[in-house]
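Asker: Quick mapping for you: the protein sequence lines, in order, are chains A and B.
Each residue of the first sequence is one higher than the one before, starting from 1 at the first, in our numbering.
Each residue of the second sequence is one higher than the one before, starting from 1 at the first, in our numbering.
Errors might be hidden in some of the hints.
What the hints assert, rightly or not - Residues of chain A clear of chain B, computed beta-carbon distances all greater than 12 Å:
id	residue
1	Pro92
2	Ile106
3	Leu142
4	Arg180
Claimed, not checked - Covered by chain A, per the in silico footprint, the following chain B stretches (three or more residues, Cβ under 8 Å):
id	segment
5	77-91
6	223-237
7	246-257
8	367-380
Stated by the list, open to error - Footprint (simulated), chain B over chain A, 3 or more residues, beta carbon under 8 Å:
id	segment
9	125-137
10	251-264
Think of the hints as simulated: they come from the structure by calculation, not from any bench.
All of these numbers come straight from a predicted model, not from anything done at the bench.
The beta carbon of each residue, even a glycine, is placed where N, CA and C say it ideally should be.
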Amino acid sequence: MRWSFPSFDRRQRSGLALAAPTAVFLVIFFVVPAAVLLVYSFWISRSFQITPTLTLSNYLRALGNAGMWLSMWNGVWIGAWTAVFSVALSFPVAWYIAYRTRSNAILYAVLLSWFSSYLVRIYAWRTILGTSGLINSTLMQLGMIDQPLSFLIFSRTAVIVTLVHLFVPFTLLLLLSALRNVRTDYLEAARDLGASWRQSFLRVVVPMAYKGIVGSFMFTFILAAGDFISPQLLGGREGVTTGLLISNQFRQTGNWSFGAALAFILLGVFLFAYFLVAQSMRLGRLSPGLRFHPTLPTQEKA
Amino acid sequence: MKSHWTTDQIRDAAEGKLSRRRFINGAAALTGGAVLAPMLPGFARAAGGELSVMAWEGFTMETELKDWLASEGITIKASIIGTQDDVNARLVGSTPVPTDVSEFNQGYNHFYGDELAITTPLDESKLPNYNAEETFAGFYKAPTWFWDGKLHGVPWIWGLNSLVYNPAVVPEPKSYADLLKPEYKDKLAFGDDTLATWPMIARVAGYGDKFPNLTVEELDDAFAQMDPYRAQCRVFAASNGDSINLLVNGEIGALFCGWSGIPNETAKQGVETKYVIPAEGAAMWCDAWFIPTAATNTDLAHAYINATLGAQAQADVCKNVVGGTVQKPAVDKMDDATKGLFDYGNLDAVFASSPLQGIPPRESDEFATYDQWVAKWEEFKLGF
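Same shape as in the complex, but just chain B:
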């Protein structure tokens, strides 16, 4: 059997003289190789390996799961989310970026699960930490994450988006209206994270209970009421990291609505900031892990998700991001400050006062759509 082609054969092939038999042989070899290659020993997957995780800044769990990751031989390849839409932009289309685990905000559940169909059903047998005994009832297979008999996402962390401020610049604001004082001109920033900003705009404008279902007229009115705040605004922060940078460098004194973990991050850089729930209230959020259709290592992804639900990991991450746990055993492992953030004895009341809200509808004849909110947000940033 010939093991190589002669130069004449190569020339013939280049000139289109490749025989049918040789073409079929070559194609069969290529196809066979492609089919069998993954089954060869060299392609077998190890228990550990690289796990591609796309999560918010501070939420990749590399710190909290450091020992577990080391013992399992797992390396996290992290991508940071700037806005939730970064996730869909990465995962939709015919050539999604391979990602093993990512997270979605509660408002994106059906958009990801049904419309974009970028989630895969999770295998509960591989998630022993997620169970009715250990997981708070409000988070265990609730309709937000479990529908049509499938678990589309596992809620794992929740918290508040609220007014973040530097007490040295803006002392103790009690209400958003306090930010309109003349001395705070150019001290305010809006975050470009619309999941945090839009619900708060609706609240400040008096449409908090209606969000995300505002009519077009109500949407116009809500943003019209924001004009005085825009006049106080110095910059639109591109991300949580950018907000932290702006607060640390003294460029702003208050962030209209941001992640409650920002004070921890600025404290690491020697700048004291606080978050407060003003008279208008705060916006609740809950992130859920999901395994995208573009995942390449689902077993490892399940193991990782399960590990993030461990009691100590939950207690640690709640402390680091100033968040709330979904696991009952984690509460006892928290320090007093973290435990005192929320009334774990009566979570129903917490959700009643700050319900988990969705995002504006993608299509509607009755309410302003997500596209219209984006357009309005752009106009607002442009100063219309």
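Chain A extracted, bound-state conformation:
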């Protein structure tokens, strides 16, 4: 029997044509490798050789490893604070660009930092925060300190500061895109109905920009918590994250199965973090799709 293409109407065909390249790309370069990695995580590996013997030992070893949990906590801490600061710093700028100005100059200024490589930006921060760096030199020249402030660099704070700088352009773009969907008409309507500024912000803006807020937070959190280069170069003795342990398994010991198990545990942590954020937003009545009708002051009078 001869196989033939299923028939699609014109609208469906154009939709498929638009989605197909990305879908194919993701299947080949993400879904398939991830599936292979998942299988590897249940096999045995040693010195770059994989033996297809089904086992849970990689997960048991990882979950029983205190170092893994400490590095995980380290990464989660860095990721969470980076995400909080990135979103908090980006939101007012996104608001200003969306509602207070027609110029994109600020947006372009923020995006300018993209025109340099990741490593260059990390080393630039080393220069700024370092013992003989910009901040210490300035403070010493001003006579405000006698000795360089050593805590500025090689700490989790230094990592968070650097990562916030790296991720603010991303969060700004996502939040701006989300806020541009919240038309001023809605805000005015809320005010006309008696909502305070705070109420209109929490009950109109945040739920409508929910995807942008949660998306930018999680995007930043996942990338920052999984990063191991910035923590290694700026984190000092506390610069070990799970990303580095995973990297070592693939690069150094050749234990791909254990590295894969660590990677999927990290994935589980990220999914749990997403669940926590989403649930927190829901409990705070900040999610879309939920209708709350608090009694407004005007209704109380009536």
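Fit chain B to the known structure of chain A by using the hints.
Answerer: Just chain B now, kept in the frame of chain A:
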């Protein structure tokens, strides 16, 4: 003969109506093209060309072989090694990164040659500079690089990994114990290059002669003895380049164990650092060139390896990296400082005092394995 398909034929093919004859014709044309293409004049390889070299920072020989590379029309495409494991990570698996020449530390010889099988036998006839007359006996086809009748690697540079310090911050340390003084807190860094760090940890802990074969208990004890040093440590340097950056910027005053060429590199940036062999000793290393199975230009790779063994190239690179030569004629071309680094008249004694050591076994029931060392190293960095 039709030179193109009609739209109907394309539609038929898309709907699975491609005839068997047309399919066979098309497949034959593709296969023939794939087989014959490399033989066509356009694919012939020139004498020069691009050579993909993966080596340590300062070891790519682009400076020392500048004239030779220019005269041969060769461009080096260099990749820098951060740790030796970067090399295996790049070359193992079903899709290795094409690399014409790379280097391995002596401890990785059988791991690369036998277990991973990523080395190819070298053709000695294409390496005339590597010969019994000109090459020091300890480096000429010694068992470390030559086994089973095959030359797996050509040793080309050697030296010491030792304590590197900034005399303005840590004046003249005589022993590692000097680094534990309270005034040096947060002045120390450990390098993430475990080839340098692990042997020195073993030495400082009193297991130098046993390295790399320490039992699990000895491994635990060695790292337990390192805890006071970790308390003095400010950062773990990611690479030699990172160590240089940290020393130049004044972030650290001493590197626990690093490449002896670091002082040269910091001097270029106006910062004086020194390396010293303290009471505990130093760790010897020797790098060997090899041609990976992923190489695409083996003739050029042989020519490059041979050129690095030239007397002047050897003398120059030894000066630049503060290393030792494997070639006798290079000694006379060295300046006094470089020549004085090692007793070339009695290299046997040099190797006796600082023997070339391997890496922990990949598998063993008796000794701590490489995986266990890595795990212990990670725990150490995490502060356990």
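Asker: Could you run down the list of hints and mark each one as holding or not?
Answerer: Evaluation of the provided hints:
no.: 1; hint: Pro92; in the structure: holds, 34 Å
no.: 2; hint: Ile106; in the structure: holds, 33 Å
no.: 3; hint: Leu142; in the structure: holds, 20 Å
no.: 4; hint: Arg180; in the structure: holds, 41 Å
no.: 5; hint: 77-91; in the structure: holds (count 5)
no.: 6; hint: 223-237; in the structure: holds (count 5)
no.: 7; hint: 246-257; in the structure: holds (count 3)
no.: 8; hint: 367-380; in the structure: holds (count 6)
no.: 9; hint: 125-137; in the structure: holds (count 6)
no.: 10; hint: 251-264; in the structure: holds (count 5)
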